[in-house]
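Protein chains: 2
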Amino acid sequence: MSEEKLTSRSENFSEWYNQLVQRAEMADYAPVRGCMVVRPYGWALWENIQAALDRRFKATGHVNAAFPLFIPMSFLEKEKEHVEGFSPELAVVTIGGGETLEEPLVVRPTSETIIGHMYAKWIKSYRDLPVLINQWANVVRWEMRTRLFLRTLEFYWQEGHTAHATYDEAEEETLRILDLYTDFAVNEAAVPVIPGRKSDAEKFAGAQRSYTIEAMMGDTRALQAGTSHNLGQNFAKAFEIRYLDDQNELQYCWTTSWGLSTRFVGAIIMTHGDDQGLILPPRLAPIQVVIVPIFRNDEEKSLVMPAVETLKGQLEGMRLKVDERTELTPGFKFNDWEMRGVPLRIEIGPKDVQNGVVTAARRDIPGKAGKIAIPAANARTEIESLLTNIQAALLQRATDFRDSNIHPVDTYEELSQVVQNGWAFAYWCGSSECELKVKEDTKATTRCIPCDQQSGAGRCVVCNQPAAEKVYFAKAY
Amino acid sequence: MSEEKLTSRSENFSEWYNQLVQRAEMADYAPVRGCMVVRPYGWALWENIQAALDRRFKATGHVNAAFPLFIPMSFLEKEKEHVEGFSPELAVVTIGGGETLEEPLVVRPTSETIIGHMYAKWIKSYRDLPVLINQWANVVRWEMRTRLFLRTLEFYWQEGHTAHATYDEAEEETLRILDLYTDFAVNEAAVPVIPGRKSDAEKFAGAQRSYTIEAMMGDTRALQAGTSHNLGQNFAKAFEIRYLDDQNELQYCWTTSWGLSTRFVGAIIMTHGDDQGLILPPRLAPIQVVIVPIFRNDEEKSLVMPAVETLKGQLEGMRLKVDERTELTPGFKFNDWEMRGVPLRIEIGPKDVQNGVVTAARRDIPGKAGKIAIPAANARTEIESLLTNIQAALLQRATDFRDSNIHPVDTYEELSQVVQNGWAFAYWCGSSECELKVKEDTKATTRCIPCDQQSGAGRCVVCNQPAAEKVYFAKAY
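Chains as they are written, first to last, in our numbering: chain A, 1 to 477; chain B, 1 to 477.
None of these hints come from the bench; they were simulated from the model. Fair warning: there could be bad hints in the mix.
Just so you know, same-sequence chains aren't split out, so a pair can sit in one copy or run between any two.
Calculated lysine-lysine pairs in the DSS-like style (CA-CA distance at most 27 Å, straight line) [said to hold, decoys possible]:
(1) K124 with K58
(2) K124 with K321
(3) K58 with K321
(4) K351 with K371
(5) K321 with K121
(6) K351 with K301
Starting from the given sequences, assemble the full structure and let the hints guide the process.
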C-alpha cells in the first residue's frame, strides 16, 4: 500500500473507485484488455459471498453442477432474441489442437442454451420436475468499456437454471430467487436493494419476464446487482425440453435462469466505502477484527503480547488477524487496515493492559467518536455486539442515503433534473417510446418497476397518458 | 437409473467405468467433442474433495485468488519447454466482439505464464515472499482421446503457484504439497497413493523437478492423481520475477506449481467401485447414509415413519437422505443406492420397529454378511463407528490389492511380464533410453521414483548398468 491519499469521493467518484480497488488489493488489471485478476483479498470477499448464497440455494432445494465452457455457435442461434442480444459480445474459439474447427465454439456468455440441450436429454417425465440446478462459473462477454468488478470481459458468477411443469411454478421460482437475492443483499452485504421487474427494453435476451435487485451507489447511480428471469417456454421450445405429464401427454417445460456476479463486489465497495478506503460489512468481511499490538520497547512488548494472545484465544472462530509486522508504525497500520475496510480494529498498548481493557475502533465511525474501551475480560461479547451494531449501522446509513436521493416526480422537467444526481420515481405508461425518450434526453434508464408498489394509478411522466405503475429512472453503471 | 446390469469389471473394465459414470449420474457427455457435464451427484463429490483440500491449503498459509482464462499467445512462448509441451493442445480464441484479434488468446491449459507475469508486478522485496496463492479453475487441453473425468478437453482443478526466496524453500514447498496430497488421498479418499519423483521424460513442461502421487486402479493400471512441481528459476527468468534481498540486491525468485483435478473423481471410482456400482468413501460421499423405509400398507407406514423421523433427528449434521419415493420397490431402491455408492444403507421395516432396531447394510460388504441390526436408541454412535470402519476397510482393501499387484523384478523378462497386469518395481539407471525401450516394448512407463526408498544400489533392469534408485513401471491412464 502506498501512503498517498486516495482521491476523494466527492472530487471524482470514479477515480476514487479505481484507485481503491487496486490500493486495497482487491483486484488488478490483467495483461489481456478488459480482464481482471481478483487478488486474494478480493477473492476472500467473493468466497464469503459465495458461501452466503450457496447456503441459501441449498436450503431451497437447489444443487450445483458444471456445464461446459464451450458452446457450439449453432446452439446460440436457436433462440432468436438470445442470439441477437449476445452475438456482438462473443469470444470465439476457431482453432483447437492446431486445426481450424469445423464449427466455431463460443466461450459461454451465459449457459441457457447448452443447459437447455442437456435438460432435453435428462427430463422425461413430470416425476423428473422440477430440475433445480446452479453452477458457479466464469463467463465471457466482449465488453468495450470495462471496469474492475463492474464490467469485465471475463467475470465470475453463479447461474441457476431450473425447469418446471407449469408457468406458475416457474414464476414462483423466479420470485423465490429474487427474494433470496434481496435477503442476501440486505442481511449479508448491508446493501439495501430494491427488488422489481425490468421493462421490456431492459430484460434479458430471451426472457419472458426479468426481475432485478437495484442498488444505489455512493454517487447515486444505480447498479443492477442480480437478476432472475422467467424464460417462459422460449428455451424449452428452442431446445425441445419436454416431459410426459401424468396423463402421458408430451408438454413443454417452463424454465427460469438467475445470476449474481463478482459485480456485487463493486456494489459493496461503492455502497459503503469512504475517503479512507473500503468499509466491509462484518458478515462478509474476510477479516472481521484486526488486532494491532502497540509497544515501543521489549518491556512494553512483554506486557502487551500476552494480552494479545489472550484476546486471540477469546476470539477463536472469528475471522481475525493480528498485525505483527515489525517494520511499520501503528499509524501506518491503522491507515492500511482502514483502506482494506476491516470493520473493527483492536488496539492493545501498555496502558490498555494496565487498565484491563482493549481499545476498539469502529471503521464506520472515524476518529475518537468510534473508539471504545472494552473490559478485556468481557471482550468477546462486546466485540460480537459491536460487529452486529456495525452491520446494522451500515445498512441504516445506506438506506438513509438511498431514500434521501430518491424523489417522486410528477413532471418531465422534475424528472430531468432529479436524474442528474439521484433517482426519480414516477408513473410510466409502459411504452418503449417514452422510456427511450428519457434515455436520449437524460441518459437515465428505467431501473425497475418495484414489486412493492402502492396500488393506484396516475399519468405517465413522459406522455401524460394513463399509467398503472411507477418505475425508477436513474443513470446506471 | 435403468435396471440393466452393469458390464462386470472383469469382463471389460473400461466399459464398466463408462457405463457406471453415466448410470450413477456422475457425469454425461457434452455436445462438444471431449467435453463433459459434471452432474449434481458428481459435482457434490468434487465439492467435498475441494473442501478437504482447501482446508489443508488454508491451514498451511495458502490463499485463493482468480487469474484470467485467456493468456496472450506470446506469454506461452517465453518459456521454451513449456510452449513445446502445451502448443499441440491449445484452444485459441481468434475472434472477439465480432473482430479478428490482433494477438490470438489461448484458453489457459495451465497458468504459470500469466501468474508469472502478475508476480513480476507484485513482488518487490524479500518481505513480499513467500507468495502462496492457489486458484480453483477450469482449464482446457485439446486432447484427442477423451474419457469422462480421466481426460477431458475442459477439466476442473486447483492450481497452486508459489514464489520463494531460495531453492530450498521452493523444494520444501513442493514436498509439503506432495505430503498434503498424499494425506488427502489416503485419509479422505481412501486411495493409497505412492508419492514419488517423476523421471525427466515424464516431468511437467518447464519444471526442474516434478513429483506425483500415483494410484493403482482396479484393473492394476496406474493413474497420476496429483502433481507438484519445483520450477526452479525457469519461469522467474522468463517473466522477470525478481525481488530485492536484504542486502538490496536484485534476485530471481524460485517458483513452484501444483495441481489436482476432477481426474481424482475417476481415481475414486476406479479404486473402490465393484460390479454393483460405485463405492464412495464415507468422508467424501455426497450421501453418507440413505434411509429406506419399508412398509406395505398404511398401518405399517404409521409404525415405520415415526421411527424414520426419530433416526433422522439423531443423525442431524450427517449427509443423509431419506428415500421416500412411493413409485419404487425397496429392492429397486437398494440397487439404485448401491449403484451410487452410498456407504451405508439403513432399512427400517415394521419388524425392525417392533424389535427396537434399525438394519444397517454396508455397501462395501455385499449381501447378508454386511447387514447388522443396530439398537435404535444408540443408532448415531453405531452408525458413526460403522462409517469409520467402512472408511478404514476401503483403504485396507485398496492397499492390499495394490501391494499384491506390485512385483519387484530383477530381469527385463520379468519386467515385461509383470507390467502386462501389474506394476514392476525395479532398479533403473535413470537414462531416457532405457525408459523409452520399456515404453516401446511394453507400453509401460516409469510412474515414479518413490520418496520412501530403502537405500541401496543395484543394476538397471534394462541395461544392467549400476543404478542408485528403484522406480515403478506400469501401464497408465
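Going through the earlier hints one by one, which of them does the structure break, listed in rising order? No hint contradicted; all consistent.
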